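Q: Could you put together the complete structure from these sequences and hints?
There are 2 protein chains.
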Amino acid sequence: MFQSLGARPLVFPTPIFLVGSYDREGKPNIMTVAWGGICSSQPPSIAVSIRKNRWTYNAIMERRAFTVCVPSTRFASHADYAGIFSGEEENKFEALGLTPVAGEHVDAPYVAEFPMAVELRLTHTLDIGLHTQFIGEIMDVKIDSSCLDADGLPDINKVDPVIFAPGARAYHAVGGFIAKAFSAGKSLRR
Amino acid sequence: MFQSLGARPLVFPTPIFLVGSYDREGKPNIMTVAWGGICSSQPPSIAVSIRKNRWTYNAIMERRAFTVCVPSTRFASHADYAGIFSGEEENKFEALGLTPVAGEHVDAPYVAEFPMAVELRLTHTLDIGLHTQFIGEIMDVKIDSSCLDADGLPDINKVDPVIFAPGARAYHAVGGFIAKAFSAGKSLRR
Numbered sequence: 001m002f003q004s005l006g007a008r009p010l011v012f013p014t015p016i017f018l019v020g021s022y023d024r025e026g027k028p029n030i031m032t033v034a035w036g037g038i039c040s041s042q043p044p045s046i047a048v049s050i051r052k053n054r055w056t057y058n059a060i061m062e063r064r065a066f067t068v069c070v071p072s073t074r075f076a077s078h079a080d081y082a083g084i085f086s087g088e089e090e091n092k093f094e095a096l097g098l099t100p101v102a103g104e105h106v107d108a109p110y111v112a113e114f115p116m117a118v119e120l121r122l123t124h125t126l127d128i129g130l131h132t133q134f135i136g137e138i139m140d141v142k143i144d145s146s147c148l149d150a151d152g153l154p155d156i157n158k159v160d161p162v163i164f165a166p167g168a169r170a171y172h173a174v175g176g177f178i179a180k181a182f183s184a185g186k187s188l189r190r
Numbered sequence: 001m002f003q004s005l006g007a008r009p010l011v012f013p014t015p016i017f018l019v020g021s022y023d024r025e026g027k028p029n030i031m032t033v034a035w036g037g038i039c040s041s042q043p044p045s046i047a048v049s050i051r052k053n054r055w056t057y058n059a060i061m062e063r064r065a066f067t068v069c070v071p072s073t074r075f076a077s078h079a080d081y082a083g084i085f086s087g088e089e090e091n092k093f094e095a096l097g098l099t100p101v102a103g104e105h106v107d108a109p110y111v112a113e114f115p116m117a118v119e120l121r122l123t124h125t126l127d128i129g130l131h132t133q134f135i136g137e138i139m140d141v142k143i144d145s146s147c148l149d150a151d152g153l154p155d156i157n158k159v160d161p162v163i164f165a166p167g168a169r170a171y172h173a174v175g176g177f178i179a180k181a182f183s184a185g186k187s188l189r190r
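In the order they appear, the protein sequences are chains A and B. 1 is the number of the first residue of the first sequence in my numbering; add one for each residue after it. 1 is the number of the first residue of the second sequence in my numbering; add one for each residue after it.
What the hints contain is simulated information worked out from the structure, not anything from laboratory work. Among the clues, some could well be false.
Pairs involving identical chains hold if they fit within one copy or between any two copies, as the list cannot separate such chains.
As the list claims (entries may be wrong) - Only pairs whose alpha carbons sit at most 20 angstroms apart, straight line, appear in this in silico SDA-like list of lysine to any residue:
#1 186 / 91
#2 158 / 175
#3 52 / 190
#4 180 / 155
#5 52 / 90
#6 52 / 83
#7 186 / 95
#8 158 / 173
#9 158 / 2
#10 27 / 85
#11 180 / 1
#12 27 / 97
#13 52 / 62
#14 27 / 102
#15 52 / 153
#16 186 / 74
#17 158 / 83
What you are looking at is a predicted structure, and each value in this text was computed from that prediction instead of being measured.
A: Spelled out as structure tokens, the structure:
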């Protein structure tokens, strides 16, 4: 039986991304977002939603660039930290013992210790309400070579990304393989 | 060591949502998206990206409403089907033996057999390229009462949603609990 929970920002799954940027003084920063994801295949693009009061907001507006860094589950506490504390007050890379790597294609840093990072050039901003959506064109996807599968593609269980459950506010791992996309459904064709 | 994979729509995790809509004739339809997610907390909003050539595109444009239905992993093949075949040619609810339920707050159907559904009123559209982003304000979240935890919140492992891994094009389950958000990071504070 369905129960109504009302008008709340609640759906499963949501990702955990760390958005990398340089502020006006060139200090590298990371902040955690769960409101975001791929939003177009061509040009390949990712959207992340950020509140105006976040330190990252002006950083992206000014440099027109950001990264989306994917933490593995062993960095879940680091990701949580980067969502609680502000880059206005400290260098979160230093506080967390993480290493900023300058983007190859864009003016933004990514996290050396994480298995996956995406470099993005800002293409659109959209004010929705409390959050503003930053849409970036993917310039490159970087992956730790130990996380590739036999076909040279990222293996999601090797990357071991973090999933966020809104509501219960819990971090989860990715579980086992269920089915092959663009394939499993064909068996249901009448 | 990082390896560049180039400019590709590739990040982990992405969700699997089934977008529900009525077409001009009132036929209920569902299509599968992996490009989407929550994009604002207030007003609570979800974005989904849909190509112009999809049957759902005009349906949402005309009715200004859609649902986001969350399949559990046992419906992974159904979700795959709804991403391969078009609502222009058939009633996918009938083809899959699923039951459309008329939205309580919006002019769009959701899937009775799935554990979770969100009713959305279209507020913005944004052409990004191959995909157009449809942003809807969440009017209600519906959950099967068997999927609630002791606090009355949706339990992500009971909902058992599907994760999509782009690149390898694989569906995965959600795994175990890792840490509590807005909490685990505080232990790293110096």
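Q: Since the copies are identical, ignore which copy is meant and state whether residue 158 and residue 2 lie within 20 angstroms (CA to CA) inside a copy, between copies, both or neither.
A: between (36 angstroms within a copy, 14 angstroms between copies)
Q: For residue 52 and residue 153, with the copy left unspecified, which applies at a CA distance of at most 20 angstroms: within, between, both, or neither?
A: Neither: 36 angstroms inside a copy, 28 angstroms across copies.
Q: Classify it for me, residue 52 with residue 62: is the Cα-Cα distance of at most 20 angstroms met within a copy, between copies, both or neither?
A: within (13 angstroms within a copy, 32 angstroms between copies)
Q: If the cutoff is 20 angstroms on CA atoms, where do residue 158 and residue 83 land: within, between, both or neither? Let me know, please.
A: Neither: 24 angstroms inside a chain and 26 angstroms across chains, both beyond 20 angstroms.
Q: Using 20 angstroms as the alpha-carbon threshold, which applies to residue 27 and residue 85: within, between, both, or neither?
A: within (15 angstroms within a copy, 49 angstroms between copies)
Q: Could you place residue 186 and residue 91 in one of the four classes (within, between, both, neither) given a Cα distance threshold of 20 angstroms?
A: between (51 angstroms within a copy, 16 angstroms between copies)
Q: First find the shortest C-alpha distance between residue 180 and residue 155 inside one copy, then the shortest across copies, and answer within, between, both or neither for a cut-off of 20 angstroms.
A: within (13 angstroms within a copy, 25 angstroms between copies)
Q: Within a copy, between copies, both or neither: where do residue 186 and residue 95 come within 20 angstroms Cα-Cα?
A: This pair counts as between: shortest inter-copy Cα distance 12 angstroms, intra-copy 50 angstroms.
Q: For residue 27 vs residue 102, is the C-alpha pair at or below 20 angstroms within one copy, between two copies, both, or neither?
A: within (11 angstroms within a copy, 51 angstroms between copies)
Q: Checking an output row: residue 52 and residue 190, CA cutoff 20 angstroms. Within, between, both or neither?
A: The answer is neither: 51 angstroms in one copy and 27 angstroms across copies each exceed 20 angstroms.
Q: Could you place residue 52 and residue 83 in one of the four classes (within, between, both, neither) given a Cα distance threshold of 20 angstroms?
A: within (14 angstroms within a copy, 36 angstroms between copies)
Q: When no copy is specified for residue 27 and residue 97, does a C-alpha distance of 20 angstroms or less occur within a copy, between copies, both, or neither?
A: within (15 angstroms within a copy, 55 angstroms between copies)
Figure legend: structure checked against the earlier numbered hints; hints not met, in rising order: 3, 11, 15 and 17.
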